[in-house]
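For chain H, the structure is supplied; the task is to place chains C, P and L on it using the hints.
So the chains spell out like this:
4 protein chains.
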Amino acid sequence: MIRVGILGATGAVGQRFVQLLDGHPAFELAAVTASEDSAGSSYRDAAKWRVSTPIPDDVAEMTVTSTDPDEVPDDVDLLFSSLPSGAAEVVEPEFLEAGYVVSSNSSNARLDDDVPLVIPEINPDHLDLIEVQRDNRGWDGALIKNPNCSTITMVPALAALDQFGLERVHVSTLQAVSGAGYSGVTSMEIIDNAIPHIGGEEEKMETESRKLLGSVGEDGVDWHDASVSASCNRIATIDGHLENVFVETEADPTIDEVAEAFRAAPSQDLPSAPDPLIHVFEDPDRPQPRLDRMVGDGMAIAVGGIQTTDSGIQFNVLSHNTIRGAAGASVLNGELLADRGWL
Amino acid sequence: MIRVGILGATGAVGQRFVQLLDGHPAFELAAVTASEDSAGSSYRDAAKWRVSTPIPDDVAEMTVTSTDPDEVPDDVDLLFSSLPSGAAEVVEPEFLEAGYVVSSNSSNARLDDDVPLVIPEINPDHLDLIEVQRDNRGWDGALIKNPNCSTITMVPALAALDQFGLERVHVSTLQAVSGAGYSGVTSMEIIDNAIPHIGGEEEKMETESRKLLGSVGEDGVDWHDASVSASCNRIATIDGHLENVFVETEADPTIDEVAEAFRAAPSQDLPSAPDPLIHVFEDPDRPQPRLDRMVGDGMAIAVGGIQTTDSGIQFNVLSHNTIRGAAGASVLNGELLADRGWL
Amino acid sequence: MIRVGILGATGAVGQRFVQLLDGHPAFELAAVTASEDSAGSSYRDAAKWRVSTPIPDDVAEMTVTSTDPDEVPDDVDLLFSSLPSGAAEVVEPEFLEAGYVVSSNSSNARLDDDVPLVIPEINPDHLDLIEVQRDNRGWDGALIKNPNCSTITMVPALAALDQFGLERVHVSTLQAVSGAGYSGVTSMEIIDNAIPHIGGEEEKMETESRKLLGSVGEDGVDWHDASVSASCNRIATIDGHLENVFVETEADPTIDEVAEAFRAAPSQDLPSAPDPLIHVFEDPDRPQPRLDRMVGDGMAIAVGGIQTTDSGIQFNVLSHNTIRGAAGASVLNGELLADRGWL
Amino acid sequence: MIRVGILGATGAVGQRFVQLLDGHPAFELAAVTASEDSAGSSYRDAAKWRVSTPIPDDVAEMTVTSTDPDEVPDDVDLLFSSLPSGAAEVVEPEFLEAGYVVSSNSSNARLDDDVPLVIPEINPDHLDLIEVQRDNRGWDGALIKNPNCSTITMVPALAALDQFGLERVHVSTLQAVSGAGYSGVTSMEIIDNAIPHIGGEEEKMETESRKLLGSVGEDGVDWHDASVSASCNRIATIDGHLENVFVETEADPTIDEVAEAFRAAPSQDLPSAPDPLIHVFEDPDRPQPRLDRMVGDGMAIAVGGIQTTDSGIQFNVLSHNTIRGAAGASVLNGELLADRGWL
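Residue numbers (the working numbering), protein chains in the order written: chain H, 52 to 394; chain C, 52 to 394; chain P, 52 to 394; chain L, 52 to 394.
Chain H on its own, in the form it takes in the complex (with noise of 0.2 Å):
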């Protein structure tokens, strides 16, 4: 068993790497870190819980330490985080300096030339790019990123259609509250209301998706030259993120090819890959949020809806922000970066 430990435990998404770790094949949860304040009490005391399965009893009786490289044991190999972006820049390095290996959610450092930005079903290749960050940056151990929630849903799909030739894309959002953590939106925002602005979303859904699509040459990622333009909304679901995809590609392939394309797309194999990793469905109004979240236990793509309009085609997607797009994608890049050895 490789020993884990996850920075930023606390938190939704902190609380969601404890439940997908609970009884995890590979990974056994070995330190839990979070603010200051919470260090040296249990974890049942300094996560309020509020996850739908039970807190698993052995992880409520771990102490909390602070984010602190001192304070790890050093048999761990490998930290997930989901820390703050502005804590994630401070901290992060400590680790990295300290030869830990992370593979982190946090938002900050995903653009950067020598980070690997992965989804390990799209751009596994991309971890070539972990020599150039050490020859870079002098760093023992590896930092990896999993991309934002809404990019992560949408990708997928597009990766299976650039055997078309993929051009241009728009893209609406329709996304959970969840996602922007567990305070994230109040009750008097979202109730009978939707909110058609995220902050910096709609930036990290254009540019991550290139850097996802881009591929590994000498100085870094040469990203795809597709454009891409999104909306992002805000509404009263609790988990999922819908997004209706419009996709102008050179070739002009039937609806039948496009559902081709998307249940041909390949799947891997580690524990936490689904298979298929798209999911088609056939009814023109799915996949919807409270349904259909939990396709492939939260890690598959579900889509429906293709079409094919004057301009080129039009579907919908959707994946479960908290797993598929948040802890659940750190998880699956720990499992590629066990399988390729760089732990």
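In short, the hints are calculated from the structure, not lab data. These numbers come from a predicted model, not from an experiment. There's no promise every hint is true.
Stated by the list, open to error - Partner residues are not named here, just some residues of chain C that face chain L (Cβ under 7 Å, in silico):
(1) Ile242
(2) Asp243
(3) Leu342
(4) Thr360
Here a beta-carbon is modelled for each residue, glycine too, at the ideal position from N, C-alpha and C.
Showing chains C, P and L alone in chain H's frame:
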């Protein structure tokens, strides 16, 4: 005062008609019709009143008649229709043959060559089709339609941008449940959920928009040749359709030019017409359905989030779907008919 | 394995039966019935599957029959019924005459003197009424009922407190929309709203509770003589009925004695019976519907907020209304029937 | 016109004060205060306006001052306070020493012997305590409080029933999120959920009710000796507290006598006082928060579902928690003070 009636007065849109006509400066409600079952009842008993302002006392005591030209007093000059389209298809022609002028919110016949589909501020000249209609059909009356609620939300903004050469539109909607009528969306379908499909809605947006933006020619309307692709979603809001619009134009206007174009959209000098027609928000997180659907007493269009993108312009638009998008639209069309001498 | 069937298998509760019977250790699903219209279709086509776990493949391929004793195989030993009460009133006797044992969730006949209304952990001895029932009606089969979802949530807690001499109960409910069936509550009724009335529900809580807590006498059940007053509300939750209970007892137990009484509530050694039956929360803001409805796989009762007041005891109680409160209750009753040799 | 000010004018209740004072026949808004950070800003910039009617232009341009007696003009005669109770405890006495009359919605000091806790229609004579207060404290000003939003919803109905000899009250509340302030309840807490606990709320209902229904004696108020037990729940509504009330009285009134008692509840001849005070609904499923919270412009009490039970009377009651339950209550108390010559 012009005496008016409501066909289908007891449903959700019918109740809105009653509310909007209460205290109207030019129209006096003189007839309310419903299905055979309700004929002979008081309006209070026939309508299960669900609007949050009180039922007007005088309407409450009116006797409901069946939806039959023989049952409506002859001195009624104008009828508003919110019948289900199946019923409207049968009944509206009966009233037209009997000489009534009908301002209808029902979706049938909207695309017919000789039926004016009108937003008074956008294409009042389409009323000229009434002459063609009378020639074709031998009616004494006249039939005029307002567009679908999701179409009417977007088209005033598109019209304002046509000065830049409108070429292509992608639009995603976040539509309120009232758009489906009182029982159209169950609570099991929408709590903690969204539905990425509304039957027929996408096609309505694509076709009605192009007819509205077209110009009256010899044999009807020459539709605008912009391409429109829509993706329609139902979310858990009571009233107010929010839409993300991506527009490509020949020219490349700046954000300020776009905002100025919206602010300069012409108003009409009619009792229910808002001034300004389009309200432009500066805050990027506005307009929002619950906060902004009552802008201009529910008759204005709210716009925000204007951005320029690689491929054009992006913005959000909102209107109240059962006021500007349904009953209010028909009332406003009625006011236009009166003003232009068609009654 | 005991072969079982579901009467009314395509509705909301019917789908829960299918979900709960999938992989059941003792029951094998061998028949699914629905209305005449669906007879001959596959279950996949007849049921619009709306449960968030996938439809079991083998059930999906089963052929739906009409709800008629001649259409159900003779080797089926036990039928679960979730028919609307009007239909159940007619059809259930036909199955009973044909010799089937029926564990029914339908509300008809629950108060009949010779029909056992049973919660296995509370009043398993009421099964003795089956002998009376057979004598009275000449049936080879047997009819057993589980109580209404709001009643079954409260009664285990009341039973635990009866050692202190239960005298008077006031209860207010906050009930989930699934309790009304898939289309029972429209979205217009419940978004940003609550409805302080559920037809017939208050009476069910007042009468069923007293029968369940009663003892079997010569001629049926001697009802408990506590008074029960209920006020029932519908709120915007999908699943999970939350109830505020005020209880007056002869004795004056302390908070600790009340909690201990709840914790000591007896479990049953049956496959679907939770252990413990009652889960006591210490946090005053628990149980909550979304977080706690799945306690004990949806079969346990969650209690919290225990306080003593001027007039007695006050606490909150929650259970999953379509599992413990409907399909799960019937399955558990079926397990009790099997265990006690009635099949 | 009486010149008035608002202490804490930028928060949720503060914004309601601004809305309610706009166009008030007797009060002219002359001062708006907020925390140090906002001092010097325009009200438009300091308040993130979230009320669904537009911000009044003249107030938008007012300069916010800090909440300090030296910063408020001397010719302001009456201050409305919606400060958090911690701040109010410190600041309100400073204004009282400086001679201001303060009509406060804050929860501190409500139970003090010499502080009038007033609902004008119920206990206007409690104003007499101001003399005691001035003697005790040496203030030139006067402090008057309105009760908590959940208390004020119920007490008018209880007062109407006291003619039957009020003995015991059990009440369950379904409270709107606005009662907790703009950020008081997160969306993660309340979507598809309810919370059976609101800190301190049950005690407020139990104590404030008894003080309000008490009579002024030599040394303060002799509290009513009825027992009140409350269970308070938060649900996913924006505005409007709904409450299920069970009352036991000495006499046994009929449903008609109860309804008549409610209808006969006295109104007050003050600008914001509704007439009637209590609106009685016949439909058993009313009042409902979204449909009925604006009865009497948000200042009336809506009652429905009257039943008699084994142990007494049962009914439901609703009011708008940020109008009648907060800002409107303070304004009405200010009108009472003006009418009775205390300004």
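Hints, verified against the model:
{"no.": "1", "hint": "Ile242", "verdict": "6 Å, holds"}
{"no.": "2", "hint": "Asp243", "verdict": "4 Å, holds"}
{"no.": "3", "hint": "Leu342", "verdict": "6 Å, holds"}
{"no.": "4", "hint": "Thr360", "verdict": "28 Å, violated"}
Hint check: a violation occurs at hint 4 only; the rest are consistent with the structure.
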